[in-house]
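There are 2 protein chains.
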Amino acid sequence: MKQEQQIIGFDNSGGGSETFCSYNPANQSNNAYQFYKATADEVNHAVLKAAAAFQVYRKKSGVDKAKFLTSIADELLNTGDELVTVCSNETGLPAARIEGERVRTANQLKMFATLLTEGSWVDARIDTAIPDRTPIPKPDLRFIHIPLGPVVVFGASNFPLAFSVAGGDTVSALAAGCPVIVKAHPAHPATSAFIGKIIQKAAQITDMPDGVFSLLFDNGIDVGLQLVKHPLIKAVGFTGSFKAGKAIYDAAVSRPEPIPVYAEMGSTNPVFILPQAMKERGREIATAYSAAVTLGVGQFCTNPGMLIYQNTEQDFNESLKAAFEKTSGGVMLTPTILNAYKTGVQQHLATEGVEQLAQSGFQPEMEASNAIPVLLITNTNVFNNTPQLSEEIFGPTGIVISTSTKKEMLSIAENLSGHLTATVHGADEELMEYKELLDILEQRAGRVIINGFPTGVEVCNSMVHGGPYPSTTDSKTTSVGTAAIFRFTRPVCYQNVPQLLLPVALKNKNELNISRLINGVRTTKDII
Amino acid sequence: MKQEQQIIGFDNSGGGSETFCSYNPANQSNNAYQFYKATADEVNHAVLKAAAAFQVYRKKSGVDKAKFLTSIADELLNTGDELVTVCSNETGLPAARIEGERVRTANQLKMFATLLTEGSWVDARIDTAIPDRTPIPKPDLRFIHIPLGPVVVFGASNFPLAFSVAGGDTVSALAAGCPVIVKAHPAHPATSAFIGKIIQKAAQITDMPDGVFSLLFDNGIDVGLQLVKHPLIKAVGFTGSFKAGKAIYDAAVSRPEPIPVYAEMGSTNPVFILPQAMKERGREIATAYSAAVTLGVGQFCTNPGMLIYQNTEQDFNESLKAAFEKTSGGVMLTPTILNAYKTGVQQHLATEGVEQLAQSGFQPEMEASNAIPVLLITNTNVFNNTPQLSEEIFGPTGIVISTSTKKEMLSIAENLSGHLTATVHGADEELMEYKELLDILEQRAGRVIINGFPTGVEVCNSMVHGGPYPSTTDSKTTSVGTAAIFRFTRPVCYQNVPQLLLPVALKNKNELNISRLINGVRTTKDII
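Keeping their order, the protein sequence lines are chains X and L.
Heads up, the first sequence is in this note's numbering, so the first residue is 1 and it goes up one at a time.
Heads up, the second sequence is in this note's numbering, so the first residue is 529 and it goes up one at a time.
There is no bait here: all hints are sound.
Once the Cα atoms are required to be at most 30 Å apart in a straight line, the calculated BS3-like pairs of lysine-lysine come out as:
1. L:963 / X:509
2. L:963 / X:525
3. X:138 / L:854
4. L:1035 / X:435
5. X:59 / L:934
6. L:1053 / X:110
These stretches of chain L come out as covered by chain X in the derived footprint (C-beta under 8 Å, 3 or more residues):
7. 661-667
8. 670-680
9. 784-790
10. 960-970
11. 981-995
12. 1018-1029
13. 1035-1049
The set of hints was computed from the structure by calculation and includes no laboratory data.
Virtual Cβ for every residue (Gly too), placed ideally from N, Cα, C.
Construct all of the structure, not just a fragment, from the sequences and the given hints.
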């Protein structure tokens, strides 16, 4: 039995007495890894170290922070089969998926390294002085984004690499200049420890301050709540369930000093099929939808759990049924998640007017640990009058809503709450006719997709992985892509500050060669 | 007696039975203006109109919105003596101040019109598709900021034009594409009605939708709370006291759907005087500080209510005393504010270790309606152990904290909570020696000022009028300057959306000639 300790800056600490084990959801037994639950003293120690480290880390250049992130990425890519085995054994995810996620996570680290090396992200703005302006002189004003302070990150169970210890929240906070304390997800603690050690080592070899990163273990809520309520913590990143995200949000806004919480809480990601598209590619759409909704056992934030179509003569339901029966289920991340999936499907089925349209023919060896995909169907009336039908069931299931008119379809769109994504399948000319639908959907989602599926969240400048409440607690941000960095910064303005004391990005000479807004004009020129 | 009604879009409505009067704080009597208090139905009607208007207004081009804002600005500049008289009679502010504020408010409207006409503010980002990428194709992704929805604005008593009905919150929300409902401040309802009619007219003549602007009256809290809790309201702008701002914040975050509240709640704006600067220009600084802290009867959010110096042999206190005694007091905005000022000073004076350093020689004709400036003094020990001494007293008063060492001065800086501004007076070489102080201050304030005073908030791209809690409820924003627009927007991403359906800012052809981030490169070029 391997015993893993808290990572507190450059030290490890196993001060506690309570422990818990890593669990294998496939064979339903404990793995040979035991974890100490962090004590209140250890939590406090990690925060104090983060606050001290912040005073050094906030002054690190973009190039230095980029070296840190690149070092994590390089080491991550060197983890070979060992990481895959450790991770697979506690998540039930197949090797290929973990390998893909590892590359994605490393690329995400490198993307932020590139952003930092280039440097323009700080949004430098300069308005130069006009000393002889009347009635009063205009001062010299210079604006830049600075980091908020120590950040707490709660990783997600469903992306043990890309949305966990070295995932999007951690990397964007570190890129911003904020130390990070990760509360390891109890569904993959061994993977977390593995990655935590990589970050700890990378911090040391790239000369980052002790405390820039810590990793704490807990299979309950004590450590997380203590972190969120600690006065030296300045922001929180979270990916997970609505219930947990909302509890963290409520704790954060009721602190003596409220702090921002970026909770990405998932959604049902509606997919609308327009009549012409269904006529032209009904069978193809049915197959692609069935594959998307069951991909990775339906364990994606952007899983398209809602399909709305306008009835046509063609029998789309038959195509859906045929395609869905051919899909696969699999082991889910944890027994709790599997149970919630089964209960959710049963509750939907118990609703009058909701029926089962199809069930996957998947027949697992160990039925107790596997989820079997189920596709449900209902009509507009039932759907619009049963709010719980639009709530997310995490897993390989979707609900098909059959509508008979464009008006009905629009009424469903109008009634949607906030989602991460919304998708429309339509022929070109038809999409113009349904422009009203697109107008509604962009007000309900962070990302609007045409003729595709929402799974697969590209990591780039233009991504928005966010959306109106309740898909997140802050629709004004994204948790994927370069814009995620601004969750952990705030603007500050320097008035008449001498050149020597200004941050390098704001000096007259544009040493970093970054894009700046000088007296309203975007330029890379020096001020002379 | 002139009776003023609610402005609800293009209609006026006087459905209520309760009324209140505009009050003249100088002669302590009612003005000849009576206001209906908005009823619950009127509030709801204004919100429904705003929500309907949003569907039209959100699609208006930058040029069209700019015409609307410019029309308000032009009309505002045409208000002549009438506005000055109305405003002065209910605020006690002198004509010159109101005239200056009018120009500032018009310039602010024009600045946002310029921003909209130029158009790059939307932060357009485009990552083009790579269909043959392996293992999976890269989709076409395009990112832009879109407006949040109907916004409620609570104007401030102390800036009846620049932070009120047509002030910074209103103009930045309208610029973003959000309809605005203003809850008129009861300390200047006639001014509010005057300006509200200008905006109503401007909306009509520039073809904006009915409901893009409404103005509601209330001298209590019912209308404000109903607005903040209304499910169709998507954000709140507020400038005023900590107590009111925090109450609005608490109401907003506990809604079924929490919404962002941008409450700018003022601060004490510490000013630090370094030894060499005091030696070189002690008398000058004493005079300038005395003028700044009593300017406009101390009724500025950025009033420098805290002065910290490091003891030197020169008698700076004597200079301060001499300068302060020559300052003027005056009529305060409301009797409530005047009483709070007097009580606040008395409470500070009742604290052991706090003494009166100076009192203005100002002798008003009507003592009951005028504030007399008072300067207090204490030492580091008392200050650091008495948290309430750092709380804002709104009015012409400051507290001087005499420290004997650099370490003591730094300890005061360390103990500061969030402020809108922090100021340092120092000789050039000395500022480098006190770099540590500046490092601390930029973590405590939204704006850091060298060798100046914080009053006078320049309206430009580089301004930050914001700061860490409790100076605001959202340190990540500013309520003055062009960056204020992002308080009322969120990013949305379009994936594989056909050219015809994309917002004009995101089409391949850069018709607006705006700066865009295309595949990581900032450019105004088309995509070909």
